[in-house]
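Colleague: Keeping their order, the protein sequence lines are chains D and F.
Numbered by the working numbering, the letters in the first sequence go through residues 1 to 518 in order.
Numbered by the working numbering, the letters in the second sequence go through residues 519 to 1021 in order.
Heads up, a few of these hints could be off.
Said to hold, decoys possible - Sample of chain F residues facing chain D (criterion: CB under 10 angstroms; computed from the structure):
hint	residue
1	MET552
2	TYR569
3	GLY705
4	ILE839
5	ARG967
To be verified - Derived CB-CB ranges, DEER-like:
hint	chain 1	residue 1	chain 2	residue 2	range
6	D	GLY37	F	ARG741	52 to 60 angstroms
7	F	PHE864	D	PRO42	36 to 44 angstroms
8	F	MET1001	D	ARG483	50 to 58 angstroms
9	D	GLU68	F	LEU990	40 to 48 angstroms
10	D	LEU360	F	ARG741	39 to 47 angstroms
Stated by the list, open to error - Per the computed footprint, the stretches of chain F lying under chain D, defined by three or more beta-carbons under 8 angstroms from a beta-carbon of chain D, are:
hint	segment
11	592-600
12	645-651
13	924-933
Keep in mind the hints are simulated off the structure, nothing from the lab.
Every residue, glycine too, gets a C-beta built ideally from N, C-alpha and C.
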Amino acid sequence: MPDRLIASLFAMGLVILLASASPVVAKPHESLPEVDGFPSQPIRVVVYTSPGGLIDVTARRFARLAQEHADHPFAVINRPGGGGIVAFEEALREPADGHRILAVTRSNISKMVATGREDLIERINWHAYLMDNAHVLITNAIEGPGDWHELKQHAQEQPGSQLWLGVDIGGVKHVSGVKIAETTGIDMRWIPYASGGEAVAALLGNLGTAYLGNPRDALASERLRVVAVAAENRLPDFPDAPTFAELGYTGLEDELIWRGLAFRKGVPDEVRDWYRVLIGLVTSDPRWESAWTGEAVNLRYRPAEEFERIVASDREEFRRYLGDLGLLPEARAELSGLAALRQPPGVLILLSVLVLVLALLSWRLRYSPWREQAGELSLLAALSACVIGLLLLSTGFPPANPVDPVGAGGLPRAWMLLALPLIVVQGVMTVRHGERTERRAGIVRLGVVLAMFGAYLVLLPVIGYLLASAVYLPLLIWYLGYRRLVVIAVLTVAWLVFSELVFQRLLHVDLPRFSLWR
Amino acid sequence: MIDTLLAGLGTVMAVIPLLTIVAGIVLGIVIGAMPGLSPSMGVALMVPFTYGMSPTLALILLVGIYIGSSYGGSITGIMVNAPGTPSAVVTAIDGYALTRQGRPALALGTSIVASAVGGMFGTIILIGFSVPLAEIAVRFHPSEYFAFAAFGLATIAMLAGDRWVKALVAMLVGLIIATVGTDPISGAERFTFEVMALSDGFLLIPALIGMFALSEVFTGIERGEFRIAKATGIGDRWPRLADYWRLKWVTLRSGAIGTLIGIFPGAGATIGSFISYGIAKRISRNREQFGKGSPEGVTAAEAADSGSVGGAMVPLLALGIPGSATTAVLIGAMMIHDLTPGPQLFVSSPGMIYAIFAAMLLSQFVLLLVGLAGGRLWVRVAHVPKELLYSLITMMALIGAYAVRNSMFDVFCCLAFGLLGWLMRRYDYPLAPVILGLVLGAIAETNFRRAIMMDGPMVFVSRPLTAIMLGLALASFLIPLIMRLREVSQASATTRAQAASRH
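Next up, chain D with everything else stripped away, as it sits in the complex (with noise of 0.2 angstroms):
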């Protein structure tokens, strides 16, 4: 009994020393202006999309020339989601202490005005604007048109039959095309992939007239010409491209996509001057110029005043352009008659009348001859019923067009269409051939763990992870029916410390803590 007894003890040691340990301050670097108490603890850039892509590269090159000037641990960790929303909100939940940096984008405003969340607009300070690519058109020189003029015949003399490939509808490159396309007039239609190097290997297959996107894509085979910039002024790294300017279009000479730095208002104005020092022994570290040569990248660093500015005139043109185009959420909520139930107390409601019927039609399924099939009957009338629900809903998806003939609705509603009948037809086999269900002591014990992980789940934000799980992890081995303490307490601590160094330290997944120490 005593090992068992010095084991717990010395698991719940462990387990509140992991819990309170406090962050080392790190020695700021000298050339750095000194700010009490920062930074504290590694800072984080957050990127807004999945590892890989322009932004993620930009946030990884500053990170680790940042790391070096600083002295002190950058790391970069991708939040994708929402197109930068879901970043952005994780963001404003962090404590304005400037440890958490958010690597953003010209895409991250026009997807906050297409959502109709302009608000995460204004509570973000936008800090540093870094460089930006001007949008070139880009076409597949050997089987399509091999200039600008050869592009603008062919939309002459084959009106509307142009496919301008590119990524996502309502996006910066989007507008930009729809910008061109209105200012050149040439009549295209826009196809969207899933990433530009999709698009481009369709370019390449000569699937579609032109790419409209960054020039460095422009690179992945010598097929590819760079046929006309949207920008003031040549590439350097494509001398022969000619601008729009002086192709005889004005008003397209700033048509780009910008990246650069931000925080949630409220950081204090002292570390956003450290900051402002360190991002300028960063973008003048020659190494930052050499690692962006030939990536047709236009490097100029502009301060936080003359970001704000850029952001509120991009938003102001989003607003414009994508209410033209039907992509504001006001346009949208006005096709669908069943808004209500689309909004989260609506949802509610739904669910709640669900439930009630399914209790009802289980408890009256119970008995009647069907008794012994109940549960999977109440499962395909449940799944009936959300299917039907979801087909409701579905008619307030943007119709079908002559673009896109299909719809946003129209898979999804074929999908339910086919699943309800096979749903009948299932049931119809249950009830006439269906096995008799196995009755299972085990649910109650299963209710009882179900409970128990969800009372974890309630108590995480609240306690943190290490005092929940250490609560929960032992009990739960204890319930199921292991009675070896020793055994449980080695695993909870071992289980603890691997989460803590392998999962908070290692991977900078943030687990809930324990809110004493903030």
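Starting from the known structure of chain D, fit chain F onto it as the hints suggest.
Modeller: Quick look at chain F alone, frame taken from chain D:
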């Protein structure tokens, strides 16, 4: 080319490169086996550790991690039915069935060799034919991509067995779930209920963890299955050379399928694994064993999965275009090391390219050795008391779902998928079709609509390749169902005849 390859082999046959390969493979296997960490996340996590390395060594390490993690995902799939990657779902179908029979060593041994041979096949194709294959791949119209996805979905007929209506319902549930999120074509939000975390749809990793790992735990707890599975008289043993030799054709064929499908940007390993499994089942003489613990099933899925790594590297090296999420990260890593991915690398740095090719070949041998040695350890998981194992799986499920983007929402999604999976198991609905629908739904929809936007609905019959592939998909869907229906009607006719003769 042979000379350059031999020179590349000379470069990697030194202590530091060899150690780098070993480190990459070991790290990759661990990353792949950890729920919540996909191969792309694993490679991205290791990029900062390569800053101090030469570009060649850095890429050798990262490619090693890619190869290792593609295999690692199948270990947890086989041992605890918690596939680490979507493509490992197919490996888990027969792999976990073998583990439940008390034969995990057979499953692990089969999978590691299939993985290494499939990977080797993919690498050889990459070295020998990358440029012409990439040229063919880029000419594929969205209608052909749709046909690929349809072909993948048609494998449902092979996965279904006797429960084909249930399997179809499960697949349609997956397809419907795949429509949640921002519509890739119109940009409209679909079924997101104004929850921003749903704007990109349900994330695959929490869904995968919930559907397989949590539902397994819930089912085990409900059934009171706390005793360790014992061998069922057959006995657990590592496969012998003769066993591997018997699987030679399925290994090579599946490696080829995985490699070819991996070449197409965006198609991915999952389609390859499902299609390869479907074809293997159709051709096999022991098709009734599929789904119940067939080494052929494990081989088909795993060889295709690993073959796709070499395939995905084809567009990366030949065109500088990512063929998968992981190769997108590799492109980023190349740029960080001041390399411009694409065909010019063959001109500017041929030594480096062929050193990477040589490292990929060597990595397969290292994978084999590390996998076989590590397999002895993994097998012991089967002897861990289930009370401990179930508890640890719930902890890993939680942290794995949370780690994807630090979100409790994903943990709740994982739990919801766990409950759905448990209900499906309870009433004997297969789970793999849900993941099939979830993975292929988006590919099928976007390419279907894109094809029509580009060339109208007649494109599906006017392009011969599309028409042939769709015809094959339809045939591979219908033939097993018709055969099954015929068997059922024959069986009932026999029963009726017997009943009549008794009267």
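Colleague: For every hint, state whether the structure bears it out.
Modeller: Hints versus structure:
| no. | hint | verdict |
| --- | --- | --- |
| 1 | MET552 | 8 angstroms, holds |
| 2 | TYR569 | 6 angstroms, holds |
| 3 | GLY705 | 4 angstroms, holds |
| 4 | ILE839 | 4 angstroms, holds |
| 5 | ARG967 | 5 angstroms, holds |
| 6 | GLY37/D <-> ARG741/F: 52 to 60 angstroms | 54 angstroms, holds |
| 7 | PHE864/F <-> PRO42/D: 36 to 44 angstroms | 39 angstroms, holds |
| 8 | MET1001/F <-> ARG483/D: 50 to 58 angstroms | 53 angstroms, holds |
| 9 | GLU68/D <-> LEU990/F: 40 to 48 angstroms | 56 angstroms, violated |
| 10 | LEU360/D <-> ARG741/F: 39 to 47 angstroms | 28 angstroms, violated |
| 11 | 592-600 | violated (count 0) |
| 12 | 645-651 | violated (count 0) |
| 13 | 924-933 | holds (count 6) |
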